[in-house]
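> Using the sequences plus the hints, can you model the full thing?
This note's numbering applies: residue 1 is where the sequence shown begins, and numbers increase by one.
I should point out that these hints are in silico values taken from the structure, not numbers from a laboratory.
The beta-carbon is built from N, C-alpha and C at its ideal position, and this holds for glycine as well.
Don't take each hint at face value.
Restraint-style ranges between C-beta atoms, simulated for each label pair [what the hints assert, rightly or not]:
| hint | residue 1 | residue 2 | range |
| --- | --- | --- | --- |
| 1 | Thr100 | Tyr13 | 27 to 33 Å |
| 2 | Arg107 | Leu19 | 20 to 26 Å |
| 3 | Val76 | Ala45 | 32 to 38 Å |
| 4 | Ala86 | Thr25 | 34 to 40 Å |
| 5 | Tyr13 | Thr106 | 34 to 40 Å |
| 6 | Gly102 | Pro129 | 15 to 21 Å |
| 7 | Arg6 | Tyr88 | 17 to 23 Å |
| 8 | Gly115 | Met1 | 28 to 34 Å |
| 9 | Met1 | Thr106 | 33 to 39 Å |
| 10 | Glu117 | Arg2 | 30 to 36 Å |
| 11 | Glu15 | Ser93 | 24 to 30 Å |
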Amino acid sequence: MRRIIRVPEGPQYDESYPLSQGVETETMVFANGMAFDNDSRTRMASAVTIADETRIVLDALTAILADAGARLADVVKTTVYLSDRAFYDEMNSIYRTYWTPGEFPTRATVYVGIGSECRVEIDVIAVKPTTAVPS
1 MRRIIRVPEG PQYDESYPLS QGVETETMVF ANGMAFDNDS RTRMASAVTI ADETRIVLDA
61 LTAILADAGA RLADVVKTTV YLSDRAFYDE MNSIYRTYWT PGEFPTRATV YVGIGSECRV
121 EIDVIAVKPT TAVPS
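Laid out in C-alpha coordinates, this is it:
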(Lines of atoms letter the chains of each structure in order from A; the text may use other names.)
(Lines give C-alpha, C1' and ligand atoms only; values in the text may rest on other atoms or scores of the structure.)
Protein backbone atom coordinates (compact mmCIF):
# COMPACT_ATOMS: atom_id res chain seq x y z
CA MET A 1 0.00 0.00 0.00
CA ARG A 2 1.16 3.50 -0.84
CA ARG A 3 -1.12 6.50 -0.37
CA ILE A 4 -0.41 10.13 -1.21
CA ILE A 5 -1.40 12.52 1.59
CA ARG A 6 -2.84 15.97 0.85
CA VAL A 7 -4.18 18.18 3.61
CA PRO A 8 -5.29 21.83 3.47
CA GLU A 9 -2.79 22.78 6.20
CA GLY A 10 0.17 21.53 4.16
CA PRO A 11 1.96 23.26 1.30
CA GLN A 12 -0.37 23.35 -1.70
CA TYR A 13 1.73 22.18 -4.62
CA ASP A 14 0.04 22.31 -8.00
CA GLU A 15 0.72 19.85 -10.82
CA SER A 16 3.81 21.78 -11.94
CA TYR A 17 5.61 20.60 -8.78
CA PRO A 18 6.49 16.88 -8.96
CA LEU A 19 6.22 16.22 -5.22
CA SER A 20 3.72 15.40 -2.49
CA GLN A 21 3.07 16.68 1.03
CA GLY A 22 3.33 13.17 2.34
CA VAL A 23 3.31 9.49 1.49
CA GLU A 24 1.88 6.80 3.76
CA THR A 25 2.75 3.10 3.65
CA GLU A 26 1.52 0.29 5.87
CA THR A 27 4.03 1.12 8.59
CA MET A 28 5.61 4.50 7.83
CA VAL A 29 4.84 8.10 6.93
CA PHE A 30 7.16 10.36 4.97
CA ALA A 31 6.26 14.05 4.98
CA ASN A 32 7.58 17.42 3.88
CA GLY A 33 6.66 20.85 5.16
CA MET A 34 7.43 24.36 4.02
CA ALA A 35 5.59 27.67 4.27
CA PHE A 36 4.84 27.78 0.54
CA ASP A 37 1.94 29.68 -1.02
CA ASN A 38 1.03 28.13 -4.37
CA ASP A 39 -0.94 31.17 -5.56
CA SER A 40 1.95 33.60 -5.21
CA ARG A 41 4.58 30.86 -5.71
CA THR A 42 6.54 32.25 -2.80
CA ARG A 43 6.77 32.10 0.99
CA MET A 44 3.44 32.57 2.80
CA ALA A 45 2.80 36.15 3.85
CA SER A 46 2.17 34.97 7.42
CA ALA A 47 5.75 33.60 7.63
CA VAL A 48 7.25 36.92 8.72
CA THR A 49 9.87 35.63 11.15
CA ILE A 50 11.82 32.38 11.23
CA ALA A 51 9.76 31.45 14.30
CA ASP A 52 6.53 32.02 12.32
CA GLU A 53 7.82 29.97 9.42
CA THR A 54 8.96 27.13 11.68
CA ARG A 55 5.53 27.00 13.37
CA ILE A 56 3.75 26.95 10.00
CA VAL A 57 5.96 24.09 8.82
CA LEU A 58 5.58 22.02 12.00
CA ASP A 59 1.81 22.62 12.16
CA ALA A 60 1.54 21.44 8.54
CA LEU A 61 3.61 18.35 9.35
CA THR A 62 1.36 17.65 12.34
CA ALA A 63 -1.70 17.71 10.05
CA ILE A 64 -0.04 15.54 7.39
CA LEU A 65 0.96 12.95 9.99
CA ALA A 66 -2.51 13.01 11.57
CA ASP A 67 -4.08 12.20 8.21
CA ALA A 68 -2.07 8.95 8.30
CA GLY A 69 -2.88 8.21 11.95
CA ALA A 70 0.50 9.35 13.27
CA ARG A 71 1.77 12.14 15.51
CA LEU A 72 4.99 14.09 15.88
CA ALA A 73 5.78 11.73 18.76
CA ASP A 74 5.98 8.95 16.15
CA VAL A 75 8.66 10.77 14.14
CA VAL A 76 12.01 8.97 14.23
CA LYS A 77 14.02 11.20 11.87
CA THR A 78 13.89 14.82 10.76
CA THR A 79 15.95 16.79 8.31
CA VAL A 80 15.81 20.55 8.75
CA TYR A 81 16.83 22.69 5.80
CA LEU A 82 17.68 26.32 6.52
CA SER A 83 18.59 28.92 3.92
CA ASP A 84 21.02 30.62 6.33
CA ARG A 85 22.99 29.54 9.42
CA ALA A 86 21.82 32.68 11.18
CA PHE A 87 18.31 31.17 11.39
CA TYR A 88 19.36 28.13 13.45
CA ASP A 89 18.76 29.45 16.99
CA GLU A 90 15.35 30.93 16.20
CA MET A 91 14.22 27.78 14.36
CA ASN A 92 15.55 25.56 17.15
CA SER A 93 13.75 27.54 19.87
CA ILE A 94 10.40 26.73 18.20
CA TYR A 95 11.29 23.21 16.99
CA ARG A 96 12.06 22.01 20.53
CA THR A 97 8.56 22.99 21.77
CA TYR A 98 6.87 20.49 19.45
CA TRP A 99 8.31 17.43 21.21
CA THR A 100 8.46 16.27 24.81
CA PRO A 101 11.89 17.11 26.27
CA GLY A 102 14.15 14.09 26.01
CA GLU A 103 11.93 12.49 23.33
CA PHE A 104 13.33 14.24 20.26
CA PRO A 105 13.75 12.36 16.98
CA THR A 106 17.16 12.14 15.35
CA ARG A 107 17.87 15.23 13.28
CA ALA A 108 20.20 16.57 10.68
CA THR A 109 20.26 20.29 9.93
CA VAL A 110 21.67 21.46 6.63
CA TYR A 111 22.13 24.89 5.09
CA VAL A 112 20.91 25.06 1.50
CA GLY A 113 19.18 27.22 -1.05
CA ILE A 114 15.42 26.73 -0.65
CA GLY A 115 13.16 27.77 -3.49
CA SER A 116 10.33 30.28 -3.48
CA GLU A 117 11.91 32.51 -0.82
CA CYS A 118 11.23 29.90 1.86
CA ARG A 119 13.81 29.83 4.63
CA VAL A 120 12.78 26.70 6.56
CA GLU A 121 11.87 23.29 5.20
CA ILE A 122 11.54 20.12 7.26
CA ASP A 123 11.24 16.48 6.17
CA VAL A 124 10.11 13.82 8.62
CA ILE A 125 9.99 10.05 8.72
CA ALA A 126 7.51 8.54 11.17
CA VAL A 127 6.74 4.98 12.18
CA LYS A 128 2.98 4.52 12.41
CA PRO A 129 1.70 3.39 15.79
CA THR A 130 0.32 -0.11 16.01
CA THR A 131 -2.31 -1.55 18.26
CA ALA A 132 -0.63 -4.94 18.31
CA VAL A 133 0.44 -6.22 21.70
CA PRO A 134 4.16 -7.11 21.75
CA SER A 135 4.83 -10.81 22.21
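> Is the hinted range of 24 to 30 Å satisfied by the C-beta distance from Glu15 to Ser93?
Hint violated: Cβ distance 36 Å, outside 24 to 30 Å.
> Mind checking the hinted window 34 to 40 Å against the Cβ distance between Ala86 and Thr25?
Given about 37 Å between the Cβ atoms, the range holds.
> So the hint says 32 to 38 Å: do the beta-carbon atoms of Val76 and Ala45 match that?
holds (33 Å)
> When you take the CB atoms of Glu117 and Arg2, is the distance between them in 30 to 36 Å?
holds (31 Å)
> Taking the beta carbons of Thr100 and Tyr13, is their distance inside 27 to 33 Å?
holds (31 Å)
> Is the hinted range of 28 to 34 Å satisfied by the C-beta distance from Gly115 to Met1?
For Met1 against Gly115, whose Cβ atoms are near 31 Å apart, the range 28 to 34 Å holds.
> Would you say the C-beta atoms of Gly102 and Pro129 sit inside 15 to 21 Å of each other?
Taking Cβ atoms as reference, Gly102 and Pro129 lie about 19 Å apart, which means the hint holds.
> State, for the Cβ atoms of Arg6 and Tyr88, whether the hinted interval 17 to 23 Å holds or is violated.
violated (30 Å)
> Holds or violated: the 33 to 39 Å window for the beta-carbon distance between Met1 and Thr106?
The hint (33 to 39 Å, Cβ to Cβ) is violated, given that Met1 and Thr106 are roughly 26 Å apart.
> Can the suggested window of 20 to 26 Å be confirmed for the beta-carbon pair Arg107 and Leu19?
holds (21 Å)
> Is it true that Tyr13 and Thr106 lie within 34 to 40 Å of each other by Cβ?
violated (26 Å)
Hint violations for this structure: numbers 5, 7, 9, 11, all remaining hints satisfied.
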